[in-house]
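If you read the sequences in order, they're chains P, Z, G and U. In this text, residue positions in the first sequence follow the numbering used here: the first is 1, and each later residue adds one. In this text, residue positions in the second sequence follow the numbering used here: the first is 1001, and each later residue adds one. In this text, residue positions in the third sequence follow the numbering used here: the first is 2001, and each later residue adds one. In this text, residue positions in the fourth sequence follow the numbering used here: the first is 3001, and each later residue adds one.
Hints are computed from structural coordinates only; laboratory data are not their basis. It is possible that part of the hints are untrue.
In the SDA-like style, the derived pairs of lysine to any residue whose C-alpha atoms are separated by at most 20 Å in a straight line are [what the hints assert, rightly or not]: (1) P:LYS511 - G:LYS2017; (2) P:LYS666 - Z:ALA1035; (3) P:LYS903 - P:SER970; (4) G:LYS2169 - P:VAL608.
Just so you have them, the derived chain P footprint on chain G, three or more residues with Cβ under 8 Å [unchecked claim]: (5) 2078 to 2090; (6) 2175 to 2187.
In this text the structure is predicted, and so the values were computed from the model without any measurement. Where a beta carbon is used, it is the ideal one built from N, C-alpha and C, also for glycine.
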Amino acid sequence: MSQINRIEGGLINRSKKLSFTFNGQSLEGYEGDTLASALLANGHRMVGRSFKYHRPRGIFSAGSEEPNALVQLRTGAYQEPNTRATVTELFHGLEATSQNHRGSLKYDFMAVNDLFSSFLSAGFYYKTFMWPKAFWEKFYEPVIRAAAGLGRLSGQDDPDIYDKGFLHCDVLVVGAGAAGLSAALSAGRAGARVILMDEDFCMGGRLNVETLSVNDQSGSEWATQALAELSAMDNVRLMTRTTAYGAYDHGIVGALERVTDHLISSENKPRQILWRVYTKRTILCAGATERPIAFGNNDRPGVMLAGAVRAYVNRWGALPGKRVAVFTNNDDGWRTATDLAAKGVEITAVIDSRDGQPPVDVPKGAAIVMGGRIVDTKGRHGIRSITLSNGQQIPVDCLAVSGGWSPNVQLTCHQRGRPTWRDDIAAFVPGGELPQGMSVAGAASGNLSLSSVLLNGHDIGNSVVSDLGFTPSKVKASSSEEETTGISAFWHVRESKARAWLDLQNDVTVKDVKLSHQEGFRSVEHLKRYTTLGMATDQGKTANIPALAVMAECTGKSLPETGTTIFRPPYTPVAIGALAGRARGKDFRPSRLSPSHSWAKEQGAIFVEAGMWYRAQWFPRSGETHWRQSVDREVTQTRASVGVCDVTTLGKIDVQGRDAAQFLNKVYANAFAKLPVGKVRYGIMLREDGIMMDDGTSARFAENHFVMTTTTANAVSVFRHMEFCRQCLWPEMDVHLISSTEQYAQFAVAGPNARKLLQKVVDSDHDISNEAFPFMGCGEITVCGGVPTRLFRISFSGELAYEIAVPTRYGDSLVRTLIAAGEEFDVTPYGTEALGVMRIEKGHAAGNELNGQTTARDLGMGRMVSKKKDSIGNTLSEREGLNLENGLSLVGFRPVNRSEELKAGFHFISKGNTANMANDEGWMSSVAFSPNLGHSIGLGFIKRGSERLGEIVIATDPLRGGEMDVEIVSAHFIDPEGERLRA
Amino acid sequence: MIINHPLLGPRDAAEFVYKGDASLINRPNWQADDAAELFHEYLYLRDNPAGQHRELWYHEQGDRSWLIVTRNTLTHEISNVEFARDVALAERPKK
Amino acid sequence: MKYSGFKVIKEALTGHKGWKPVWRTPKPKNEYDVIIVGGGGHGLATAYYLAKEFGITNIAVLEKGWIGSGNVGRNTTIVRSNYLLPGNEPFYEFSMKLWENLEQDFNYNAMVSQRGILNLFHNDAGRDAYARRGNSMMLAGADAVLLDQEGVRKMYPCLDFENARFPIKGGLLQPRGGTVRHDAVAWGYARGADSRGVDIIQNCEVTGMNIENGICTGVETSQGTIKAKKVAVCVAGSSSRVMSMAGMRLPIESHVLQAFVSEGLKPILPGVVTFGAGHFYVSQSDKGGLVFGGDIDGYNTYAQRGNLPVVEDVCEGGMALMPMIGRARLLRMWGGVMDMSMDGSPFIDKTHINGLYFNGGWCYGGFKATPASGWCYAHLLAKDEPHPVATEYRLDRFRRGAMLDEKGVGAQPNLH
Amino acid sequence: MPNYTLTARTPLDGFSHDFNGVSVTEVNGRSIVSIATSLGGGEALSKALAKTYKLKIPEPGKSTVSSLDNAVLLGMAQDQTFLVFDDHTEDKPVDVVSKHLKDTAYFTDQSDSYVMLRVSGENSRSVLERICPIDLHPSVFPEGSVSRTIMEHLGTVIVHEKANTFLLMSARSSAKSFLEAVEVSALNIG
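Bound conformation, chain P alone (with noise of 0.2 Å):
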């Protein structure tokens, strides 16, 4: 049996048939039908279970409020939960199955909980499981989150792709229907860059479901013929399958596209794209949402809203039921019946909640009951009958409800706005202060016949590019047929016994409502969040103003009064790979390379990542089966012959100007002002709250041009330190910065041998012996026939060592042509790890010491800080808290017991005292192995550390167990008067 509920008509391809599966069962539609669609062509009502009782659900609207027919779409890596039927488009191949239910959907085990639902009230909760106090985590918990949640993630990664854009306009459509396309037409043709989008895959919103007409045309006829109109302009971009799903500062709105989501396969092209789109004026013509009305057992399959149900005849040609009664309380309810009876379709009643007389011609047949109430519907897997007040029995099989359209206004209220009741249309719409650049047409504004909403839209388009300066063409405005939109507001059946459901996901019932007040959770937020009302995947789109209702009935206030739920993006739910667009994996963030990468990478060296950059951690030989035994090669190589090290990744800064000596005298709180041309000195800088920020080298090449180096990990937040000063602080000196980082290529060539490997490559006429260029000196030199040099003789490792910098396009060369030339040395390249065992050994402080917690005062250079002159962070590093008697020092620290090995992050105690808070004086900041002492040393800080030396202490380490005796030593633990340096 295929199809049995398709009837003629409707916008669907029928030469194009389209096989998909349902819970396993293949079945066929059409292009155009959405899943939802074909699924009621094949006759399927129940589709789904619900939240919390597991009750039968069917299809409900047929957009994106749905609130029940939530399927798993797709299989394996590919699987998507909760995806609304209703707005998925059908495609070949497509497999569904339901969710939510143990067992299959028809015989659901967990269908129990619906017996015990009086126990499962609202906020029941929180008065129980409590007893004993254990069983809430171990018994209780665990099984209500094995009962939580609806649909599944697969546990794999995502396999598709997804982008990111940013769209500028002068005027963003939102929504392609009367309004939308009136007010787009209306833009467009006055020359302003126009985008139109539209959630659907087939734009022209309710003028595809209904069947008023437009220009003596039909809806969907004018429709096509507007968008034909909009697509020939190139000043105009259409974008189906597009959601614009939040409002955000200045005009910015937030879209999602659809791309392939209609595709069996994305093959290799992005699955959705994120848009920012930046425009001058948006135009909100997102519609309006049909309510429903709460009365007795009014969730079963087979309950829909009557717009829905006339959308699927109409659009579709798609029958939700053969014997259908319409439940109304407004003029437009009775549109679906009038429709439906057109089509042949057997009308069994409509109940108007009205007293009164029908506002249209009566469909033949049906039973007419004005001022009708229906308390209780009956059908355990779909609704087979349903119980008027008067106790009349009327078998159904499809029950069109109509509480009322309410205008979608989330859109406007994402900032400030909140929207205002009008009780003409018994309804919100948008008010106060609207999004920046924000104005709303059509339905969405209250506007609720087709007449007024093309009026509507067409006005407002011109007026919004006439603000903009363009000049509104002279077409007037297209018309349709009057139509009735009388309502008089009924939002819940008082006589119903049974439960009348609000929020259908979340199985929200009026009664927990009541409770829910009954209990002082009056205010809309309490409401919201004691009952979950509107916490569902649909976000209360239909049952957010009901439940209002019924709480402003118990209040005894009016609906506004009682207040509005705050709406937030996102409009629909956003899948978060789209958020992430392009940044994951290795694409998370870009990546550094240093001149010598690819170099390296050929000595098979580690890389290890530093910010952004990846450097070499150590360079593997044959035969090494431990990175230790590297690095220890490495760092003995050095000191005993010369090695070579890639600092590129060091920041460098080219300082110049007038006053560019005064400025480095304000910024480093070492003096500056005197240093000679030619000379390197060490330099630490200070917040201005006094503690340490970075340290480094400044050079003087010239009288006005200084090169300041930074630490890898500061030399963006340095360098706009450094711009504040120059620009905020003293905007009178002649000084400008340039970054020159990714200008050169640098080098660090340390170990005795350093300068014979240098000569081997400076040209002749540049003379680099010590006498001519010795310690903390510098010059721009040439090398290897005359490239450009920048030489500095400073030293990190404790040797004797040069730094020199070629410009970048040569740096893979100048590594090359060390390590050859270096060869008779027996030359090594060093990575990071033998880098930072020699800074150890050597008691330089580095990223673990300025931790942006310690002064210069614990790192042992305080009297560094020069009160002679002003300089950041001078006057607040004289603070008492900064300059206690016992603070912290930095000091070296080896193990009593020379074979243990010391680890970061050890805590120290004196002897004698017990390991606790109270007694911690402090901590190990880095360790490392010395090959040259033969054991493992480090430096940390301990209070009056610097008066301590020689002093044993406990280095404790409950984390990793265990606590070991260290001694407190100098923390210049190779060559501490420097002649290495120096020679």
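Given the coordinates of chain P, assemble chains Z, G and U onto it according to the supplied hints.
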């Protein structure tokens, strides 16, 4: 958010880095008798109004200029954007 | 009314007619011993402990809107005591111990769920810093476990171990950390305080402070003047606004922190995970939603909403850490206004004005601190001296140079 | 003279590829010198520029073109412009510029600081739309416009050279990531 740069026009705030209260450009005199207290107030006791706020933004991914943006902290509406350097220079004589 | 299994069953069988309001709606009296300004988690906890532990019950809690409408109702529900500094760790560990007995203490199921919180590290320096921190925690009597990559993989096989830009090297786990049903905390404290005679007054905005020659005698409100011996401000997010009524400037900026919830999903994440190389942390609620967040937007604001760049940044972190969440949909996002202090740590202190007390500056660590904050604030109000675990939370610590800067970023509130 | 010579490498070893409606090509052989205007030195610099390069100092966001060395002067900031010109094999870029402009400003060689990609073809704007936050519509960003912005977390200078042709400059060390950002955009469209 969009910051309307005095020279470059509207730019997404994502190009900028935020610092805070614009009073941070008025660094106290280190030689004042009550310098310690002045620096304490300068660094730690900043304006934090619910309403108009003059604040520093750095156009790091643009022209590297420091700007003083006047922005309402309730609505995020921006009413004025100036170069911090111009403001700093203009305020110099007052000191 | 005591909640019990029996009571729940009885009510279920009798149509739930017997449930009373969880708190009364009294009119304000002319005078109280203590007025607590702010009906959020901390304010209600303060009232509860003042009444229960310190025997002071003549208290009013004044709330501008509805109780719990502040950050206790808009956070990511995480509780932990994994701090580094001696001025902080004992306080948060005290809070953790109070969480562990909270439900039995106030007879309300706030669903305290100690599913563990895991902070990942991605390099040696990160490991060293966590080793130092983990040792601090244990020296303060808290629990901590240092995991290597394999240890992390065993707990969370669905993280990206194969192709990460910043590979996971391990993590610092606090098994006793976890999550709590945030709204229920406010309601539980409100119920407990109300039943001990505390007046909880909603829709009562404080519009002024009555201060006569250095003494605070009460407040002006939208419901009239109310006198008090002691006025205890507890309005994190609005601290600067309210304290300016007393002419005080604070070392605080207001910033918005966004938080996010996905659609309901069957259980896939056992505990709380914090990414170390991006701004992202996540847990899964009992209802199945992935609850996650990241960094603050970074500019002063009093608007409870954020902007798109941070949303993207957080989701980028999420996809980098666990690419399996790509097809899960973000359902709701919201913003809470934070008191970002100048060193990232809070204040529980007297002010220079007699009878005026201040509690604030919680940055985005306020929720986990709720019980200890309430207890210690109550202690200060009752005894006029700080609780032993809250001695460092003084307003003058910046003048003294005694900052409590866990992150080491200095006087830059948006970096804490 | 040492018996070693250094060979230069370009950031992307001369990458060039045609995608669907767009070509992406690495640009080399151009020097970049940053010109910082000294405080109160604007006058002297404009004179020197006018005399030698026949150039006016462009506003930030604009550029001016000279026939000398095919030089283009990019307005980067109030007190900073970039002079981009054909490499001289003999002289260092800074020496070339100071030969003309003497000491009327502070010059810094930036020739090795950037990777330069030229994106051209009818789809160039649709490709850049995926990564570039700037509105590249000719009515807003006409030919000759210059902008420094951020693309895929990377600081980038974009120059509208001529119709459907854009020059992108980004940090040299992340050249591969930057190229990937552009490539992926080219592959993702249409």
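For each hint, the structure was consulted:
At most 20 Å may separate the alpha-carbon atoms for a hinted pair to count; P:LYS511 and G:LYS2017 meet this at roughly 11 Å. Of the pairs offered as hints, the one joining P:LYS666 and Z:ALA1035 holds, with about 17 Å between alpha carbons and a cut-off of 20 Å not exceeded. Distance check on the hinted pair: P:LYS903 and P:SER970 sit about 18 Å apart at the alpha-carbon level, within 20 Å; holds. For the hint linking G:LYS2169 to P:VAL608, the alpha-carbon distance of about 12 Å falls within 20 Å, and the restraint holds.
For a cut-off of 8 Å, the count of residues in the stretch 2078 to 2090 of chain G with a CB near a CB of chain P stands at 3, and the three-residue condition holds. Here the stretch 2175 to 2187 of chain G counts 4 residues with a CB under 8 Å from a CB of chain P, which clears the bar of 3, and the coverage holds.
Checked against the numbered hints given earlier, the structure satisfies every one of them.
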